[in-house]
Amino acid sequence: GAVVSQHPSRVICKSGTSVKIECRSLDFQATTMFWYRQFPKQSLMLMATSNEGSKATYEQGVEKDKFLINHASLTLSTLTVTSAHPEDSSFYICSARAYLFLRDSSSQETQYFGPGTRLLVL
Amino acid sequence: QQQVKQSPQSLIVQKGGISIINCAYENTAFDYFPWYQQFPGKGPALLIAIRPDVSEKKEGRFTISFNKSAKQFSLHIMDSQPGDSATYFCAASLGTGRRALTFGSGTRLQVQP
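From first to last, the protein sequence lines are chains A and B.
The working numbering applies: residue 68 is where the first sequence begins, and numbers increase by one.
The working numbering applies: residue 976 is where the second sequence begins, and numbers increase by one.
Watch out, some of these pointers could steer you wrong.
In silico DSS-like pairs for lysine-lysine, Cα to Cα no more than 27 Å straight-line [claimed, not checked]: (1) B/1046 with A/108; (2) B/1017 with A/133; (3) A/81 with B/1017; (4) A/87 with A/122.
Because the hints were derived from the structure by calculation, they are not lab data.
Quick caveat, the model's predicted, so the values are computed rather than measured.
Kindly generate the complete structure, drawing on both the sequences and the hints.
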């Protein structure tokens, strides 16, 4: 399957600082990437949809000025948590949309996830 | 409003047994239903997926059963192994996978040796 990387894998920062998380599609181009947030032992919640060359679309309740998303190229989307606070501590996971080629020679668009970034704000 | 309900929350199965996880959805416009496996501290990995025009799909030890009229789908793991111990998420999407995923709440599977 397609490979998606994230950097850093974990970050610890002081309250009030900004943190940038990178999401890269390594062997394919992704016009659309998604950012999710996951609290311990909970499900993934969509934060925003990132489209290359245009503004991100944020889900209801997600502050766009706090979670800045930039999708400047077909292989890179970044999420910047501005003025981070302890309540922003979470596991942030990106996904990239790609084609999955099936055994019957058809294809299906699906999402491949990165390994996640653990953010701890002190 | 939780659009995809998943059960059970946790599941313990003996090695070699069958693990069954169920999901129900509310939005009849969903047209793509993947299952993901997640190990602690890692991102979800795509296991298998199905579209509503198919009632069953099998890949190796993993099978999805889909009941469109009941708006339910399930994951069956045959011959469960300790290495299958992980959290499993069902999901649903619009636009045949083009849109963002709505995830179920997850099932923590433990396969005992």
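Hints versus structure:
1. Simply put, residue 1046 of chain B and residue 108 of chain A have alpha-carbon atoms about 26 Å apart, close enough for the 27 Å limit, and the pair holds.
2. For the proposed pair residue 1017 of chain B and residue 133 of chain A, the alpha carbon gap of about 25 Å is at most 27 Å, so the pair holds.
3. As the CA atoms of residue 81 of chain A and residue 1017 of chain B are separated by approximately 24 Å, the hinted pair is consistent with the 27 Å bound.
4. Using a Cα cut-off of 27 Å, the hinted pair residue 87 of chain A and residue 122 of chain A holds, with the two alpha carbons roughly 17 Å apart.
The structure meets every hint from the earlier list without exception.
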